[in-house]
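Line by line, the protein sequences give chains A and B. Per our numbering, the very first residue in the first sequence carries number 1; after that it's consecutive. Per our numbering, the very first residue in the second sequence carries number 1; after that it's consecutive.
Note that these hints are calculated values from the structure, not bench results. C-beta atoms are modelled at their ideal positions from N, C-alpha and C, and glycine is treated no differently. You may find that some hints are simply not true.
[To be verified] Chain B stretches covered by chain A per the calculated footprint, using a threshold of three residues with CB under 8 Å from any CB of chain A:
| no. | stretch |
| --- | --- |
| 1 | 1-11 |
| 2 | 15-21 |
| 3 | 38-49 |
| 4 | 52-62 |
| 5 | 93-103 |
| 6 | 123-133 |
| 7 | 137-144 |
[Claimed, not checked] Here are a few chain B residues that sit away from chain A, every Cβ distance over 12 Å (derived from the structure):
| no. | residue |
| --- | --- |
| 8 | 33 |
| 9 | 75 |
| 10 | 78 |
| 11 | 79 |
| 12 | 114 |
| 13 | 117 |
| 14 | 120 |
[To be verified] Per the computed footprint, the stretches of chain A lying under chain B, defined by three or more beta-carbons under 8 Å from a beta-carbon of chain B, are:
| no. | stretch |
| --- | --- |
| 15 | 9-22 |
| 16 | 54-67 |
Listed below are the residues making up each chain.
Number of protein chains: 2
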Amino acid sequence: MEVSLKVIGIIRSPFKEKDRTPIQGVYSDTPGTAEVYPEYAEGLVDLEGFSHVYLIYYFDRAEGASLKQKPFLDGSKERGIFATRHFNRPNPIGLSIVGLKAVRGNVLDISSVDVLDGTPLLDIKPYVAEFDRREGVRCGWYDALDDHSARVHTPEGLRRP
Amino acid sequence: MEVSLKVIGIIRSPFKEKDRTPIQGVYSDTPGTAEVYPEYAEGLVDLEGFSHVYLIYYFDRAEGASLKQKPFLDGSKERGIFATRHFNRPNPIGLSIVGLKAVRGNVLDISSVDVLDGTPLLDIKPYVAEFDRREGVRCGWYDALDDHSARVHTPEGLRRP
């Protein structure tokens, strides 16, 4: 069974190449925009009070679905795709938490961007600390990395100081 | 423009009716399962080390897209749909963080469930504290609620003690 979703807008960033894009946004110092098409602008009302939002988007430059993949943060071993955030997933859906700096009509000014320029946008949701900041978290293979930090894997020029 | 996504499995819960389903999972004491179809089971390898996962799913019982909606936590005022987590979105994509208790073949035993029984599953991603626990978060209309807690809006019988 398949479901059909609408592209509701586009994400703009300075990133044109996958290997020059931050692996995760949390250490990225890079600004960008998330633009919804004008017919969806009314849905952005009240969003300016939130400091962070989830962007849900379509990895239009994924390289095909795979059930095992080497994570970008650990090239030593393949992992089950659902235990990674890699883009080569059965459904190429991306999820990023970005900072929200301003809402200008149908455009969000965002920070901490880790998304390729031109990526099709599917949804925006507010990040709510009470729902989304979970306690007592274990993170499997990621916790076991020697340098278990996405920071050291973020290219220096793209890294938050 | 539209994109087509595959249903990769199904979410099982005790919840058959929207108004008897927790509004958010964080205070839910309810177990359930997320089952991927057998052809995707290999993608679950390595997931058992993670205590929490994101489920991305299709709100198959949404009531039509709307750009303004009254949030379940605040019936006093309509808000822009992208400033809420309501299901009546331009794309009916749901996002829940659930606890992961066990992986049994193609089935995840999960906790803190806030999803209707039979909901089509689109993706599973690991929750990684370093990426996903953001600091210095402001939450707009949600922070401004008198009882700004999803806890008090979770039906008592479904609530974590």
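Going through the hints against the structure:
no. : hint    : in the structure
1   : 1-11    : holds (count 8)
2   : 15-21   : violated (count 0)
3   : 38-49   : holds (count 9)
4   : 52-62   : holds (count 5)
5   : 93-103  : holds (count 3)
6   : 123-133 : holds (count 11)
7   : 137-144 : holds (count 8)
8   : 33      : holds, 15 Å
9   : 75      : holds, 15 Å
10  : 78      : violated, 9 Å
11  : 79      : violated, 4 Å
12  : 114     : violated, 9 Å
13  : 117     : holds, 17 Å
14  : 120     : violated, 7 Å
15  : 9-22    : violated (count 0)
16  : 54-67   : holds (count 4)
Comparing the model with each numbered hint stated earlier shows that hints 2, 10, 11, 12, 14, 15 do not hold.
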